[in-house]
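S.K.: Protein chains in written order, with our numbering: chain U, 46 to 411; chain X, -8 to 289.
Just so you know, the hints here were simulated from the structure itself, not pulled from any lab data. Accuracy of the hints is not assured; some may be wrong.
To be verified - Ranges of calculated distance between the beta carbons of each label pair, as one might list FRET restraints:
1) U:SER182 <-> X:LEU27: 50 to 56 angstroms
2) U:ASP267 <-> X:GLU176: 42 to 48 angstroms
3) U:ARG258 <-> X:GLY101: 35 to 41 angstroms
4) X:GLU176 <-> U:GLY231: 38 to 44 angstroms
5) X:GLY101 <-> U:GLN314: 55 to 61 angstroms
To be verified - Going by beta-carbon spacing under 7 angstroms, a handful of chain U positions derived as facing chain X:
6) PRO119
7) ASN120
8) LEU126
9) PHE128
10) ALA132
11) HIS136
12) PHE145
13) GLY146
14) MET149
15) ARG150
For each residue, glycine too, the CB sits at the ideal point set by N, CA and C.
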Amino acid sequence: MGTSSVEVRDLVKYHGATLAVDHCSFSVQPGEFFSLIGPSGSGKTTTLRLLAGFDQPDQGEILIEGRSMQHIAPNHRPVNLVFQNYALFPHLTVFKNVAFGLEMRRIALSDVKSRVGAALDMVKLHDKTDRFPSQLSGGEQQRVALARALVNRPAVVLLDEPLGALDQQLRQDMRMELKAIQEQVGLTFICVTHHQEEALTMSDRVAVMNHGRILQIGSPRDIYESPGSVFVASFVGHSNQLTGRVDEVHAAVCRIHVPGLPPIVARYQVNLSISSVSVGTPITLAIRPERVDLSRKPHESGFDNRVPARIEKAIYNGSDMHYWLRFSDQIVWTARVVNGGGQKEFTAGESVYVGWNAGDGVALTQ
Amino acid sequence: MTGPASTASSHHSIRHRRTYWPLIPAVLWMLVFMLLPLLLVFAMSFASRGLYGGVQWAFSLTNYTMLFDSLYLWIYGRSVLLAAATTTICLLIGYPLAYFIARAPTRWQGVWLLLVVIPFWTNFLVRTYAWMFLLRTEGLLNTVLLNVGVIRTPVDILYTDWAVLIGLVYGYLPFMVLPLYAAIERLNRSVVEAAWDLYANGWSVFWRVMFPLTKPGVIAGCLLVFIPSVGAYITPDLLGGAKTMMVGNLIQHEYLVIRDWPFGSAISFVLMAVVVLGVLAYIKRGGVFDDVDVKERR
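The following block holds chain U by itself, in its conformation from the complex (with noise of 0.2 angstroms):
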């Protein structure tokens, strides 16, 4: 295996007298996508800056291509930051913002020409270039922050939210868009959002943090598929969630006992989320609104679980149908059903069974 392209070691950041990074650690690997991603204060940011060079860690190290970063200015390290506002120069074209970074580090004009010409063909604005920056649309203006940090070829590139000044429509073509030249420039990228899915389509690996501390990582289908926590579980994609006590174990399933509900089975796996399951253990069964089936007969098919519950209210969202599904006073769950042509549709008040097998869910200690 060479050298990663970042590592970083027990990185810790106090702002104040708050934790922001907290002993945080991970590696990337060279043309590797990698997001992290929490909600607002987790600590994404911090870290993000922190590899850019603009504050320094209280403890812990950054290695670039394996040198330390220690005590390096931003100006002498070799990653370039997309900012989440873009933060072009308002007073430069785009050929000109494109290029500062190569003219700071004296590239010969003739290469800067035919550099930046290539980065603006890139990102598809090369009929753009003597516009100032307030002259282009929101879209156009991350495009141009994205060839001022790719021409530049660095060992990283950071992104700061980088679509979260889009609008919707946009955000869904900038995505894809992103990932196909991050394929193709083959440069590693390291991306901070707080928007799961985003992070989810154009990553290879995610790191969910929260308080400063990075709770898992993994590929898009781990940290989705199988959570390590309840936090992972509900911040990425929706979560319904039963909370209850084991009391049968047996290889990989355990039967969970809920008030009011008949007996559950799920599916656990010791060492992500569980040291060990015995009789007693509290536990939290975490399951997809899309995983979980609706039908009105109770023996329709064989399902592992089967629980009766009301549909609480329908919303009809185009492509799938929203449910609210009531098991008691305080469990209410979310059903998500394809919208297939209308031949399986609920109505608020109707009376259902909720359907779904062992492996459908995961049970997680608190």
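Since chain U is already given, all that's left is putting chain X on it; use the hints.
M.R.: Okay, now just chain X, sitting in the frame of chain U:
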């Protein structure tokens, strides 16, 4: 549901029906108290001095030709030079100071700004007298310098151009700091960070990004310092003594001592013309009304 639609249309009509009548007081004021006296001065500059100091209304250009006397040109030159030096020194002191204030924690910014403008709470004349005490041969400055051992004999500062320069810088520094503070405070921090991230060193960050983006503040500050400095009257009168006259003192001299109002008018008018033309050239070169700056404001 007429609510949103009607609000929108009323906004529309307010924006398009321009009302001018609230401007009437301002227009009247300017007409009576600025334009009329100005015209009077302009007309008077072509008259000549009466035998006992009155104005003789007979058209002549003598006042203007008289201005080319080397004595008067020298005073003009000195005024422009002193004002330019004042502006330069104010900029060199004011920019770092404004930067410091603009980047201080928000609760401290108010305190620093207050300290900058506090001198305005005392009469300018009184403050200039205070400078006389400081700069005198046996004044505070000389006493300190002598005691510290920097100099062996007291230096004569008072009643020299240096005293005038010190007084002017002191008096007009706040006019430089305030617009610069506004410009720097408005500057997007992440744009400066972006330059740093893109391999710029301190020098380049300043000259390539910060200075161009705060240029409107620099220009405003320089104008606010230069214009009053070039016509300064109290400072050169008290700190410069009789030897170092500036245009302001010359005008006062012509009006009140020699009682040659027509010549005084000519000097005033030329001063105004020089300043206006100079300022226009400066703004044009500095590009205050450039596209870029207009766009940047968006």
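S.K.: With chain X as the partner, please determine if ASN120 of chain U meets the hint condition of a C-beta pair closer than 7 angstroms.
M.R.: Since chain X brings a Cβ to about 5 angstroms from ASN120 of chain U, closer than 7 angstroms, the hint holds.
S.K.: Do the Cβ positions of ARG258 of chain U and GLY101 of chain X conform to the proposed distance bound of 35 to 41 angstroms?
M.R.: Cβ of ARG258 of chain U to Cβ of GLY101 of chain X: about 38 angstroms, so the range 35 to 41 angstroms holds.
S.K.: Per the hint of 38 to 44 angstroms, is the separation of the Cβ atoms of GLU176 of chain X and GLY231 of chain U within bounds?
M.R.: 42 angstroms, holds
S.K.: Quick check: does the Cβ-Cβ distance between ASP267 of chain U and GLU176 of chain X fall within 42 to 48 angstroms?
M.R.: Holds: the Cβ-Cβ distance is about 47 angstroms, inside 42 to 48 angstroms.
S.K.: Hey, does the PHE128 of chain U contact hint survive, CB to chain X under 7 angstroms?
M.R.: Constraint on PHE128 of chain U satisfied, holds at 5 angstroms.
S.K.: Measuring from the C-beta of PRO119 of chain U to each C-beta in chain X, is the shortest one below 7 angstroms?
M.R.: 5 angstroms, holds
S.K.: Any CB of chain X closer than 7 angstroms to the CB of ALA132 of chain U?
M.R.: 4 angstroms, holds
S.K.: Could you check if MET149 of chain U really has its C-beta closer than 7 angstroms to a C-beta on chain X?
M.R.: Holds. Min distance 4 angstroms.
S.K.: Would you settle whether the hint for PHE145 of chain U is holds or violated, based on the nearest Cβ-Cβ distance to chain X being less than 7 angstroms?
M.R.: 5 angstroms, holds
S.K.: Can the hint on HIS136 of chain U be confirmed by a CB-to-CB distance to chain X that is less than 7 angstroms?
M.R.: Holds: closest Cβ of chain X sits about 5 angstroms from HIS136 of chain U, inside 7 angstroms.
S.K.: Does LEU126 of chain U pass the interface hint, meaning its C-beta sits closer than 7 angstroms to a C-beta of chain X?
M.R.: 5 angstroms, holds
S.K.: Between the beta carbons of GLY101 of chain X and GLN314 of chain U, is the distance compatible with 55 to 61 angstroms?
M.R.: 57 angstroms, holds
The structure is consistent with each of the numbered hints, conforming to all of them.
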